[in-house]
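Undergrad: One letter stands for each residue in the lines below.
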Amino acid sequence: MSLLPLFPVTTVGSWPRPPELLRAQRLRQKGEMGEEEFNKLADDAVLKVLRLQDEAGVDMVTDGEQRRDNFYSFVATKMEGIKLMTLAEMLDLVEDKVSFERILRTLDVPSYSISNATCIGKVKRARPLAVQELKFVRQHTHKPVKVTLPGPYLMTRSMYLPSVSSKVYRTKEDLGEDVIVTLREEIYELMEQGADFIQFDEPVLTELVFTQGQTRTFMCAALAARKDPAEELEFAVSLINRVVDGFHRSRLGMHICRGNWSQDEATLLRGSYHPLLKYLERMKVQQLVLEYATERAGDILHFEGKELGLGVVNPRTENIESVEEIKQSIERALRIYPPDKVWLNPDCGFSSFSNRPVNSSDIAFRKLKNIVAAAHSLRT
Amino acid sequence: MDKVSWNLRIVAEEKEPATVYVRKHQFRVGVPLQFDPEYQHITALEYALGALSADVVGGLQAVSRRRRLKLYCIEAVVSGELNNPLTYLGVVGETGNPGLEHVNMTVYVSSTAKEEDIREIWGEMLQKSPLVQTLKPTVKLDFVLKVTA
Numbered sequence: 003m004s005l006l007p008l009f010p011v012t013t014v015g016s017w018p019r020p021p022e023l024l025r026a027q028r029l030r031q032k033g034e035m036g037e038e039e040f041n042k043l044a045d046d047a048v049l050k051v052l053r054l055q056d057e058a059g060v061d062m063v064t065d066g067e068q069r070r071d072n073f074y075s076f077v078a079t080k081m082e083g084i085k086l087m088t089l090a091e092m093l094d095l096v097e098d099k100v101s102f103e104r105i106l107r108t109l110d111v112p113s114y115s116i117s118n119a120t121c122i123g124k125v126k127r128a129r130p131l132a133v134q135e136l137k138f139v140r141q142h143t144h145k146p147v148k149v150t151l152p153g154p155y156l157m158t159r160s161m162y163l164p165s166v167s168s169k170v171y172r173t174k175e176d177l178g179e180d181v182i183v184t185l186r187e188e189i190y191e192l193m194e195q196g197a198d199f200i201q202f203d204e205p206v207l208t209e210l211v212f213t214q215g216q217t218r219t220f221m222c223a224a225l226a227a228r229k230d231p232a233e234e235l236e237f238a239v240s241l242i243n244r245v246v247d248g249f250h251r252s253r254l255g256m257h258i259c260r261g262n263w264s265q266d267e268a269t270l271l272r273g274s275y276h277p278l279l280k281y282l283e284r285m286k287v288q289q290l291v292l293e294y295a296t297e298r299a300g301d302i303l304h305f306e307g308k309e310l311g312l313g314v315v316n317p318r319t320e321n322i323e324s325v326e327e328i329k330q331s332i333e334r335a336l337r338i339y340p341p342d343k344v345w346l347n348p349d350c351g352f353s354s355f356s357n358r359p360v361n362s363s364d365i366a367f368r369k370l371k372n373i374v375a376a377a378h379s380l381r382t
Numbered sequence: 150m151d152k153v154s155w156n157l158r159i160v161a162e163e164k165e166p167a168t169v170y171v172r173k174h175q176f177r178v179g180v181p182l183q184f185d186p187e188y189q190h191i192t193a194l195e196y197a198l199g200a201l202s203a204d205v206v207g208g209l210q211a212v213s214r215r216r217r218l219k220l221y222c223i224e225a226v227v228s229g230e231l232n233n234p235l236t237y238l239g240v241v242g243e244t245g246n247p248g249l250e251h252v253n254m255t256v257y258v259s260s261t262a263k264e265e266d267i268r269e270i271w272g273e274m275l276q277k278s279p280l281v282q283t284l285k286p287t288v289k290l291d292f293v294l295k296v297t298a
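First to last, the protein sequences are chains A and B. According to my numbering, the first sequence is numbered sequentially starting from 3. According to my numbering, the second sequence is numbered sequentially starting from 150.
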C-alpha cells in the first residue's frame with residue numbers, strides 16, 4: 003500500500019446509486035436484465051463514485067457498494083444455501099409478528115423493500131463475494147482501496163431464521179462455523195488481489211447493548227431469538243477472531259454504528275460504546291470505524307491497541323459540517339489517540355440500503371470535501 | 150344497467166365468532182372491536198380496514214394493468230382511529246360515537262415506471278374505489294403514495 007498521510011480520509015463504504023442503476027437492480031432481481039447489461043451500468047456508476055472521491059481528495063477509496071442491493075444481503079447470490087427473502091416473505095415465518103410489524107412501522111419502509119439473506123441449506127461460498135468489485139476498482143485507481151464485507155456475527159445472526167435454518171444447522175452457532183470458512187476464503191482472495199483495507203460491518207453489536215427492554219429497531223436483530231447480550235458478544239468476539247486469525251497482509255477493521263436507515267435521528271439507537279469496550283479491544287482487528295459525529299454516540303473512548311476510524315460527519319443530515327467543526331472533532335480524538343492512529347470518515351455509509359439513500363451524492367461529496375480540508379489543515 | 154346486489158349470510162351461535170358465507174367461501178369474524186392484542190379472532194373493524202386497504206391495493210393493480218404500467222409490488226400500511234371507542238364499551242359519561250373518524254394509509258409502490266404516471270393511476274384508482282368513495286364523505290382519509298424502485 004502506498005504511504006498514507008496523517009489522518010487518512012476514507013468512506014465507510016456505500017454511496018447513493020443513480021436512478022438508472024436502482025432501476026437496473028430491480029430488473030436484474032426480477033430476471034428482466036442480464037448480468038452483462040447490469041454490470042455495464044454498475045461499472046459506470048462505480049467510475050463516477052471513484053471520480054467523486056478523487057475530486058474530494060480522499061486518501062483511500064471504495065467502490066461505493068454500487069453493485070449491492072444493501073450492505074449485507076448481497077452475499078445471497080454468491081453463496082450456496084442462502085435465499086434472498088424479502089421481509090414480506092419472512093412475515094409468514096417469523097414467530098413474533100407483532101414486534102416485526104412494530105419495527106417495520108418504525109423504519110417507515112415497505113416489507114418488500116428490504117431483503118434478508120436467509121439460511122435454507124448448507125452454507126458455502128459459491129463464488130467470491132467482493133473480489134470482482136476489488137479487481138474493477140484496482141483497474142481504475144492508483145489509490146489504496148478499502149473493501150467492505152458483512153461481519154461474521156451480522157451474517158450468522160441475520161441468516162439464521164429458526165423455522166427454516168434449523169433443518170440444516172441445529173443452532174446459529176453451528177451456522178457460524180461455515181460463515182467463518184466462507185469469510186476466510188474471501189479474505190484470502192481479497193488479500194491476494196491487494197485489498198489495502200478490509201472492513202467488517204457489525205451494526206448489530208450496538209443493538210445487543212442499547213435495546214434492553216426497548217423496541218428492537220434494527221431489522222436483522224429481529225430474526226434470531228436473543229440470548230444474554232454478554233454471551234452474544236463473546237460469540238461475536240470468537241467469530242471475528244477466528245475469521246481473521248493468521249491474516250496480516252491487509253489492514254483489517256470493524257465498523258460499528260447504531261443504524262443508518264432513517265434521517266430521523268430519534269428512531270436510531272443511542273448510547274456510548276462503553277458497554278462494548280472490553281469486547282472490541284479483544285477483537286483482532288487494527289481499526290475500529292466508529293460513529294462520533296452525533297451526540298448519540300457519547301464521548302470518544304480509548305480502545306487499547308486500536309486505530310480509530312473517527313466518524314466526523316453525519317451521513318444523514320443535509321447540513322454540511324464545517325471544516326472548523328470537523329477539526330474540533332479531530333482535536334477531541336487527539337486528546338486520547340496519537341495522530342498516527344486517527345483516520346477520518348463519515349459516521350456510516352451514505353446509502354447502506356440501495357433503495358433508501360440517506361443523502362444525495364452532492365451532499366455526500368461536499369461532506370467528504372470538508373473532511374479532506376480539515377485533514378489538510380491539521381497536517382500542516 | 151340493472152342494480153346488482155352482493156349477497157352474504159352471517160351466522161353466529163352463542164359465544165362463537167360469526168361466520169360469513171359468501172359465494173363459495175366462508176370466513177370467521179370476531180367481535181366488532183377489541184383492545185386485547187392476544188384476542189384470537191380478527192375483529193370486524195380490522196376486516197373493514199383490511200377491506201378498504203385491499204380495495205386500494207387491488208384497485209391500483211387493476212388500473213395499472215389496464216394502462217400497461219408494471220407495478221412489481223404494492224404494500225399498504227393502515228391505521229384507523231374511532232371517534233370514541235369507549236362509547237362502544239358503554240362507559241358511562243362518554244360522549245361521541247364509536248364510528249371510524251380517521252384512517253391513515255401509506256401505500257408503497259415498487260415500479261420502474263415514471264412516478265408521474267403512477268400518480269396518475271393513483272388518482273384514477275381513488276376515483277373508482279367503491280370503499281374509498283363510500284367512506285370519503287364521513288371519514289377523514291389521509292392517504293399517502295410512496296414510489297420506490
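Rather than coming from a laboratory, the hints here were simulated on the basis of the structure. Heads up, some of the hints might be wrong.
Straight-line C-alpha distance at most 25 Å; calculated PhoX-like pairs for lysine-lysine [as the list claims (entries may be wrong)]:
#: 1; chain 1: B; residue 1: Lys263; chain 2: A; residue 2: Lys99
#: 2; chain 1: A; residue 1: Lys42; chain 2: B; residue 2: Lys219
#: 3; chain 1: A; residue 1: Lys137; chain 2: A; residue 2: Lys80
#: 4; chain 1: B; residue 1: Lys164; chain 2: A; residue 2: Lys32
#: 5; chain 1: A; residue 1: Lys32; chain 2: B; residue 2: Lys295
#: 6; chain 1: B; residue 1: Lys219; chain 2: A; residue 2: Lys32
Note that the structure is a prediction, hence the values are computed from the model and not measured.
Undergrad: Look at each hint and say if it fits the structure.
TA: Here is what the structure says about each hint:
{"no.": "1", "hint": "B:Lys263 to A:Lys99", "result": "34 Å, violated"}
{"no.": "2", "hint": "A:Lys42 to B:Lys219", "result": "24 Å, holds"}
{"no.": "3", "hint": "A:Lys137 to A:Lys80", "result": "16 Å, holds"}
{"no.": "4", "hint": "B:Lys164 to A:Lys32", "result": "48 Å, violated"}
{"no.": "5", "hint": "A:Lys32 to B:Lys295", "result": "21 Å, holds"}
{"no.": "6", "hint": "B:Lys219 to A:Lys32", "result": "12 Å, holds"}
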